[in-house]
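Novice: The residues making up each chain are set out below.
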Amino acid sequence: MTDTVTTPRPVDGGAPAGWGAGRRRTKAARDEEFTAFVESAATRLRRSAYLMCRDWHLAQDLTQQTFAKMYASWDRIRTGTNPEGYSRRVLMNLVFDQQRRRSGSEVVLADLPDRPDGAAAGTPELRLALVDALATLSVEDRAVLVLRHAEDHSVDTVATILGVSGSVVKMRTARALARLRSLLGEDFVDG
Amino acid sequence: MDADLRQHFDRAVTDDPGADPGEIALAAIAEGGRIRRRRRQLAGAGVAAGVVALLAVVGGVSLRSEPTGPAGPPMTVAAAMMPVAAPSCSEKPVESDASDVAIFLGTEATDPQRSAVGAALRGDPRVAELQFESREQAWERFRALWADSPDFVEAVSPSQLPESYRLRMVDPSQYRGFVTAYAAMDGVEQIVGRVCPVSAPIGGVQ
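Same order as they appear, the protein sequences are chains R and A. Each residue of the first sequence is one higher than the one before, starting from -16 at the first, in this note's numbering. Each residue of the second sequence is one higher than the one before, starting from 27 at the first, in this note's numbering.
In isolation and in its complexed conformation, chain A is listed as follows (with noise of 0.2 Å):
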């Protein structure tokens, strides 16, 4: 099937009326040539945010070739799993100040990472209330979400859906630490706040 689909595409583009490499590689130089110069230029001053910007999505994220520059705003597994925030939540996660936090982990997490996680959040002063979302309870509230999609809810398994902690803050303002020191544990995969009214569900997610 997938040489199929692949065919398919290819004939998608057989109309290319063509480009010369060469030139677009001279054209290349020239142009990049002037970002260097321009950037040289503009070297600590905040006028090359913006190719800064890019490059530091480009290589924050995976690529991991851009030392400099904060890592582009990560597209998250929340996004695409549970695009739904809590009506009452902020729609977008925040960096900071997050009253309500999900801390979604890996599917390949193991038992141990989990109670390691489990454990630390339980002990930890500065949650508030702590839930967490099995697999299964993921399962269901996925297929309930796309109940409209049949196929898609058919091409996803169970075991594709992350294990996730919802918990509330005590403190929003304690938020920047506490994800620096959650992100770090093994099996996490991703945390994202959102700032919450006290009447939202926990964690800021439906």
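This is chain R alone, in the form it adopts within the complex (with noise of 0.2 Å):
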């Protein structure tokens, strides 16, 4: 409601016309920036968000939430930093709030269904496993798997993008490996 474009008021001389304009070109330059910036990491921002959330929807709006916040402080976070990696800390950040508003209420998880016998690599069955398994991991530790292994970031690169040291990321990744191939059977990580 505050969005209405507003006509600006006529002001004597041209300085103003000419600041307007200025300020109009540099819009444009900044959403077309961002804009470009935003079809190149959507989609695996995307695909990580449902990772960490087992919901298309809801990986959906958390993209649209990372996204209107970087745009918000658009100026700022494309000089000196790196946007992708900014993005990654942003959307991880919305899940841990999300996470913990929600613990509170949270259906506990449905116990996994059994393995299916002899289920290949690949079949539905293990693709779903593989996304309810990591929702049963801490948060933290399906992050770390999550920006780790479906994203294939260096360990430096996650410690950066979470915060922590990269020892923290090392021992949340062996962790949340176990925990996976305990769920999922040896052949999950090995084969």
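Calculated from the structure, these hints are not laboratory results. Just so it is clear, the structure is predicted and the values come from calculations on it, not from any experiment. Ideal Cβ positions, reconstructed from N, Cα and C, are used throughout, including at glycine. Hints are not guaranteed to be accurate.
The calculated SDA-like cross-link candidates involving lysine to any residue, where the alpha carbons are at most 20 Å apart (straight line), are [claimed, not checked]:
(1) R:10 x A:66
(2) R:10 x A:56
(3) R:153 x A:161
(4) R:10 x A:62
If you only want the chain R side, here are some residues facing chain A, beta carbon under 8 Å, derived [said to hold, decoys possible]:
(5) 12
(6) 17
(7) 18
(8) 33
(9) 46
(10) 47
(11) 118
(12) 122
(13) 148
(14) 153
The following residues of chain R were derived to be distant from chain A, with all beta-carbon distances above 10 Å [to be verified]:
(15) 9
(16) 41
(17) 52
(18) 81
(19) 85
(20) 120
(21) 150
These two chains come separately, so use the hints to put the complex back together.
Specialist: Here it is in structure tokens:
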């Protein structure tokens, strides 16, 4: 509602008009640059959000919120930071917040379905099983695993994104993988 | 193994219903623009704290892009390595008035750095009692703590565990200044303060 375009009040002299045009140009350039960033980052970010929350609608929502927050600070973000890493950090913070807000009322996850015998990797059963198994990890461990192994970021990058040390990343990875292996079977990691 | 793992994750998102990045960008520009305007209107008012706090967390800890606002609560090495505060101490680390402190050294800390921190602490009148936990001691404790997860223990080597100084403050009200001084020393990775009774182990961690 505060969104309506206000027509500039007529002012004497050309300076304010020139200033306004400059501002518009800046906004056009900013929007173009921002849109290019979104186009390069959106799909991966949304998929990571899905791996974090198991829900495509929520993933879409989290992605949208992430980009909105980034746009609001884009002038600052584009200089001196890595927008890709920044977007991961905003996303994970949103996920962590959400988890905190919900933790009181969160329904305990249903028991994992029994793993069908002989299910080949990539069958729908195993695909769902991975997402379900991820959901049983702590949100911090899940974040490490998603950034490290779904997105292929280095230990150092993950550490920077999450604001923890490299050894914390390694430990959480090891703990999370051990847990996945115990839920999904040895061949999950080795196969 | 990483490549296989990556494939598993790729397969897990194959039912992606898809979304148009152009639309996402447009919506973000609209909503982000609203956030900007609201922030400008509320500049200086505490109502913007929510947004500012998020940005501080985002920018303050590692990406260093937000010059204003307090840094978010750091996630600590201690939180993952040694999640157990001594039971009688405050579970969460405190920012001020800590009675007990653990100073974790980085795993890359050198001998001279360790000695310098130790010497400073021994000569510091704010420190009532001081102990040092070596990497080997940390490893023993870590193994005992995670005895039920041999896989995890296996995955961690002693070199990944931090050495630490544990100490009790003479006067908890001096904690803030104390942290500031030691956080600046080379080799120090993390300082965790807790409020503990006298009966607690020195440093407030088990």
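Novice: Work down the list of hints and note, for each, if the structure agrees.
Specialist: Status of the hints after comparison with the structure:
no., hint, in the structure
1, R:10 x A:66, "holds, 16 Å"
2, R:10 x A:56, "holds, 12 Å"
3, R:153 x A:161, "holds, 17 Å"
4, R:10 x A:62, "holds, 13 Å"
5, 12, "violated, 13 Å"
6, 17, "holds, 7 Å"
7, 18, "holds, 4 Å"
8, 33, "holds, 6 Å"
9, 46, "holds, 7 Å"
10, 47, "holds, 6 Å"
11, 118, "violated, 11 Å"
12, 122, "violated, 12 Å"
13, 148, "holds, 5 Å"
14, 153, "holds, 7 Å"
15, 9, "holds, 13 Å"
16, 41, "holds, 13 Å"
17, 52, "violated, 7 Å"
18, 81, "holds, 13 Å"
19, 85, "holds, 18 Å"
20, 120, "holds, 13 Å"
21, 150, "violated, 4 Å"
Checked against the numbered hints above, the structure violates hints 5, 11, 12, 17, 21; every other hint is satisfied.
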